[in-house]
Structures are given as structure tokens and as C-alpha cells.
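Required output: the full structure, derived from the provided sequences and hints.
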Amino acid sequence: MQQRLFSVYQRLILQRPLVTLLVTLAVLLWFCSHIPNFKLDASADSLVLEGDKDLEFFREVNKRYGADDYLVVTYTPEQDLLSDAVLAQLDALQKDLANLAKITSVVSILDVPLLQSPPATLEGIANGQGIMNLRMPELDRELARKELTTSPIYKNLLTSQDSKTTALQVNIERDERYFTLLNARDDLRVLSYKPGFTEAQQLQLEQAEQTFRDYAVIFNDQQAQMVANVRAVLDRYRGNAQLFLGGVPMIAVDMIAFVKSDLVVFGSGIMLFIIFIMAVIFKRPGWVIVPLATCFATVVFMLGLITWLDWRMTVISSNFVALLLIITLSITIHLIVRYRELLHAYPDDSQQQLVAKTTQFMARPCLYTTLTTNVAFASLVVSGIRPVIDFGWMMTVGVSTALILSFVLLPAIMLLMKKPVLSKAKTDEDTHDAGLTLWFAKITEHHKAKVLLASMLLAGLSAWGVSQLKVENRFIDYFKKSTEIYQGMEIIDEQLGGTIPLEIIIDAEDSGPIFAGTEDASSQDQAEALSDDGFEESFEDDFFADDVGFGGDSAAAESASTWFTRAGLARIEQAHDYIDGLPETGKVMSLATTGKMLELLAPGYDDIQLALIQQKLPEDVQNLLITPYLSEEIDQARISIRVKETSRSLQRDELMKEIKSHLVNELGFAEDKVRLSGMLVLYNNMLQSLFRSQILTLGAVFLGIMLMFVVLFRSMTMALLAIAPNLLAASLVLGGMGLIGIPLDIMTVTIAAITIGIGVDDTIHYVHRFKDEFAKDRNYMATMYRCHASTGQAMYYTSVTIVLGFSILALSNFKPSIYFGLLTASAMFAALMGALLLLPQLIITFKPLGAEAEQKP
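Per this note's numbering, the sequence shown runs over residues 3 to 859.
Do not rely on the hints blindly, as some may be mistaken.
[As the list claims (entries may be wrong)] Under the rule of at most 27 Å between Cα atoms (straight-line distance), these lysine-lysine pairs were calculated in the DSS-like manner:
1) Lys41 / Lys482
2) Lys849 / Lys773
3) Lys589 / Lys659
4) Lys778 / Lys849
5) Lys359 / Lys420
6) Lys148 / Lys589
7) Lys662 / Lys598
8) Lys262 / Lys104
9) Lys420 / Lys285
[Unchecked claim] Pair ranges (Cβ atoms, derived):
10) Ala94 / Leu193: 48 to 54 Å
11) Ala230 / Ile742: 32 to 38 Å
12) Val423 / Val282: 20 to 26 Å
13) Phe848 / Val423: 42 to 48 Å
14) Trp32 / Asp622: 55 to 61 Å
15) Met138 / Asp237: 26 to 32 Å
Honestly, the hints are just simulated from the structure, not real lab data. Since this is a predicted model, take the numbers as computed values, not measurements. We treat Cβ as the ideally placed atom computed from N, Cα and C, and that holds for glycine.
Here you go:
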């Protein structure tokens, strides 16, 4: 069967190299024509768990309470914040920002209602009087400063506690079409997870997905232009103040920019570095051009394919091209090294005979390296996170493409080249290169105990390191301290109340009253008591005078929410104060904030007065104090929290469990009435899912690879020995992450699959060659030396090239790219050491290929 397949391969490829090359180039040109439409996606929607019920709830909450996108501008002037010059500049900045396209409004300290500068009355507020702001010349600015830095509403929200920094909220125009398409897609997605989802609905879902993805490109371009316009305005005001831009839209835009930059700058840098290293190693232009042409063709084909299939490159898959270079380069180097060996062994063979022998010998190990590598990357498909799933599929298809093009394009190019002429100098160079890998063979021969002991110690250290792995990370640590994202998030966290949103949604008890008055009196009894005490006469012109004593009180009271009562506010305040006291939380806003403000405006208010206050307050004040934190229709309260992303003690999962437990067990809220929401919840769900679906499935991946080893090597003993270096390499990289403190997150979780895929390749090539060489003299030690001098060179060349090339990524501004580069380099080094030191030592020790032949004296 194998011989028949190779005969077909010879007739189609090897006997028609020019036709093969032309057809391949035509296919590549067609796919290349799609690359201009290549798209990137760094939206928050791409970083959540598909099918997450919390995501559905999150979007319901957003619809109910409103959550339009906005940017945050931090403004730290050199002069006093409330001086005339600074306020004038702030006013000019606010107007310039408000005039930009896609910006609906800009909120600053200039316009917010100041209710304590001087203290306003409810009557004045109801009549639109007594509400001051910083634009009014008669305002007492020292009172305003005190209110801005101590008010339950504004403290650590619009101004820092030292009153040196303020924030402007730049509200972005809501793109109704975007959210209509998003909601339509999400509604169909929800249905798809339920029984009875029909084929017609599946077709609708596919159409909705595509329509949304197409429009998302337009939306992202508009967001990028809007952020660029905002930055252009800010640049004009940096002379006398320090300004930073923050907000989710800006982070999404900058992440796309970082990914694009890394793809172009570091992708090109890695390619150039690979060219340089290969030129140093092989010393012949042909041996540099041929593998690079194959690598380039593979990358072009895959970029065109994923563009044609409309797979979006994300932060997770941004290093897809670099990985594809690794895989393709590895295959081509092994082919070239084998060809050069045959050239020395059979110098009289024709070029076609040499290429045929090369491809025939290497077909089996390269096929199995592709299959086992695909098993490793396929483990990412079960993550439940769309970008990780797409990355898994991209790599699976990409690795298969690398195999096919390496066995199509590289032989075709070599057949069109002249056979190299051997020289004594060239033979000496090859012997010198082999000496580098033979040094490892000598270590294996003369330091058996040390190699095994060192491997066991490293395994133990790695196991301990793996136990220290965490699925927590600080998003801010994705960026270098010199970037605007880092600096902006740091200022917002430290001085303006935190960055990551978390919400607590509390529903009223089913058995609870709609209106909770005094314990022993009905609302009507309260109204009568107030009337009998002369409330009407004493406060005839008061805020409540139009309602109390004329029946309006009962109607108002009956419409009130359970939460907008003295008892309800007291319960919310308990939760609010507890959360506010946690070190990981920044600004907390809720009905408790409203209650504290009302206590300043109307000390000693009761439930009826609360209901009337709610009716009388102007709409802008209601939108500030009540609407964001109360849904009367379903009797639901909302506590809005901003978590400090820079907090070193932040453990998302533990924080949320602690909050939920305290609300239920200590404060007595019903467990089924309390639910947490927000991006913090969604991101944590994603991280926990990664831990369960990826780390816990690594065992299954290794089991699958070992079964493939059994089929390939036809020996259980050899399969067990071959899997050991891969286990050690993966453990070393993951253990090193645990020891150093690099968290396992949506970016670094792919390193495990990469390590396994790379390590398996080296193992398969080495064992396959070892079996072939061992049959010649059945001498384990001599076979090891021959393997190190042959396939060991290919492994060494590949590893050195990739380790040095990927170290360039350490210069990136994007920490995930830095981690990827250094961890991939570490994985390559660990795989090489395992294949050249531990694997041969295990083979020599356990002799899985049978007893050695008796040596002749």
C-alpha cells in the first residue's frame, strides 16, 4: 500500500516538477488575492465563553440599565484643578471632544450637579433651583472641591482624593445597527443551545453570524478612527497637563494595533533572522532559498485560506504565522539534512534518485509528526472560547498544509536545481557541524547517571511548579509600563475608582411586600399620623406639601419598590459598605449612595417621603441617583462596582465567591436572588473554563499521542520511552511558568499544545531514525552516535534557528507576544535537550529494540 502511494506521488509530483511548480504557484496566487481582505478582531465579544449563561444575563442587565460605550480621559494639570485657567482649558477640551464625530456628549466636573455647594434643599431641587455647577461664577469653589472629593457620588469617580486629577467621560454614539445585529445573533445562539433547534433556524443563525461579522469590520474601523480623532484632540492639550486615554473601545483598538505591529515588524524580523541563521548553518544560498520559499508559500496559502473562510485573527491566534514558520521550517530542514546525507552516501545517484529516496524515507516520520502535532492543537478546539477554537483549527489545517507543501514544493524546486558538487571543504564543514550534536552523544555515553538524575530532579521541580500555576492574571500586565493603556489604567485604578466592572443584581424576595413601611402601620396610617401632627401646616410650601394629606401619598407609596424604602436602603447599604471595604474594589455605586445623598438633603426621611421624593426629583437627578441602580418593573436593585485591576491581591474567582457568600450567609440575602454580572464575571468564567478544558485534557492528549506512538513504533516500551521527554518538556515549560509567576490565561494556555507539538516532532524523527540505524549493526551506542550525527543535526538546526528568532519577540510592547516568544523558545530548547539527552539514554538503558548483537573481538 505504501509503495503504491509513493508510485502515484512519483508520477504526479517528482516526474513533473515544472508542472507541479506552476500549478502550485497558480493556487498560491489565487489565495494570495484574498489576503488584502484579511481581518483582525480584538473585541470583548471575542474573549468570552460561548454558551455562557452569564453572558446572556450580562446582556439582559445592559439592556435594562443601559451601558453605552465610553472613553475615559484622565486630566492632571500642572496648576490647581479648580483655577480659572485650568477650568477654561478643561472647558475647551470638553467642547473639542464633544464636536467629534461619533461622540454624543462629554461629562466633566464642569457640568455635574453639585448638591452640597452650598447644601441644596429637596424643594429647590424639585423646582430646578439650588443646583449649582462649576460653570456658575457665584459658586464657592472650595465648597465644590470638598464635595467633589467627599461626596458619595463623585469621590474617586470624577476627581482624585487629592483633587489633582479629574476624569472626563466621553460618551460614544450608540450604533443601533451593530447592537440590533448582535442581539439577533445572540437570540439565535441562545435558541441553538436548546432542544428543537431546526435546520431553518440553523440557517438563520449562520446568516446572522455572517451579517454581524461583516458589519463588525465596519464598526471596528469606525471605532479606530474615533479613537484616533480623540487622541489628536488630546495631543493639543498636553502642554500644560498630563492626559491619558482609557476605556474598553481604546483598549480594543490598541490591541489590534499591537497585533498588527507584531505581525508585520516581528514577523519580518523573525523571517530575516531565520535567513541569517540558516545562511550561517548551511552556507549555501540554495539551502536557504528552498526552505524559505516553502515557508513563505505555506504562510501565503494559509493567510489566503483563513481570509477566504472569514476566520478572524485575534490576540490568541496572532502568533499563528510565526508558529506556521516553525512547523514548516522543521519539516524542510529534516528533508534537506536527509538529502545531504544521501548525497554523501550515494554521490553517483542522479538528482531525481536522491530526491525520491529523501521523500520516501522522510514521508512516514513527517506524516506522523503532523498527525501527533494536530492531536496537540486539536485539544484547543474543546475550549468553548471562539478565538481559541479558531486557533486550534487554524493550526490543525496549517500543519497539514505545511506537510503537503513541503512534499510538493520543496522536491519540485530541488528537481529543477542542479545537483550540488561535493568538495573536501564541504565534507569537513558537515563533519564540524555534526560534532556539535555528537557532543551531546558523548554526554549521554559518559554521564548516564547524571542525565537520569538531572531529569528526575527537573521532573520533580516541574511538578511543583505546575502545582503553583494560576489561572488568574492582571489584564494590565499584558502591556509594558511605557504604553498608554498601562499608564491610563494605573491612574484610573489608583485615583479614579478602578477599571474592571462588576455588578451585583439583587431581586426582591417573592414573599416580601412591594412597599415596606413601618413595622406596625400601613402607609395610610402613616399619612394620617403625619396629617394629625400638622405636617401640612408646618411644611405647606415644602417639597411634600402637594401630596401629603390629599391621597397622593398612598398612590406614591404603593408604586414604590421594596428597595426604595428605609428598610430596603439599609439592606443595600450593608452590602455596599462591605464591598466598599474590600481591598480589591474601588468605586462602589448603588441605592446606598442615593440614600446617603438623601440623608444630607432630607435628614430623617421616611418611606412615604422616599416615594414622593422619587416622583418629585428632576429627571437628570433621577438619572444620576436612582435609575442606574433600581428597576421598579421587576423590583430589582443593582450595585455597580469597579474592581482595581492593578491590585496585586486580585483573585477574581475568590473575590466573587467571597462576595456572594457574605451577602447570602452574613447579610441574609436569598441565594437565588443574588447574581453577579459584568465583564469580570465573563472573563473569570473564560479563565476557569480554560483550566478545566485544557489543562485537564492534556492527559488525554498525551494518551492519544502515546497510542499513535505504539502504532508508529510497534512497541509499547518504545512508546512509553518516547513520551517521557515530551512529558518532561511540557512540564518544564508549564512548571517554569508556575515558578516564575506567569499566569495561565487565554494567551499562555496555548503554550502547552505548542510544547507538545514541537517536542513530539523531535521524538518521532529521532526514534524513526534510531530504528532504521539500529538494524544495521544492532549496537545501541553506535546507533546513537549515528543518529546524533544525522537527524540530530536537523533537530539542532531547527531549534537554534527558532530559539534565537523568537527571542526577538521580547522587544514587543504586548506582553502576550513576549511570553509567546520566550516560552516557545524555551519549549524548543527543552524538546531538543529531551530528544538528544534523555531519550537516547532511556533507549540505551531499557533496550526496547531487543538485545544487542554480540560484538566481534
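Hints broken by the structure, by number, lowest first? none
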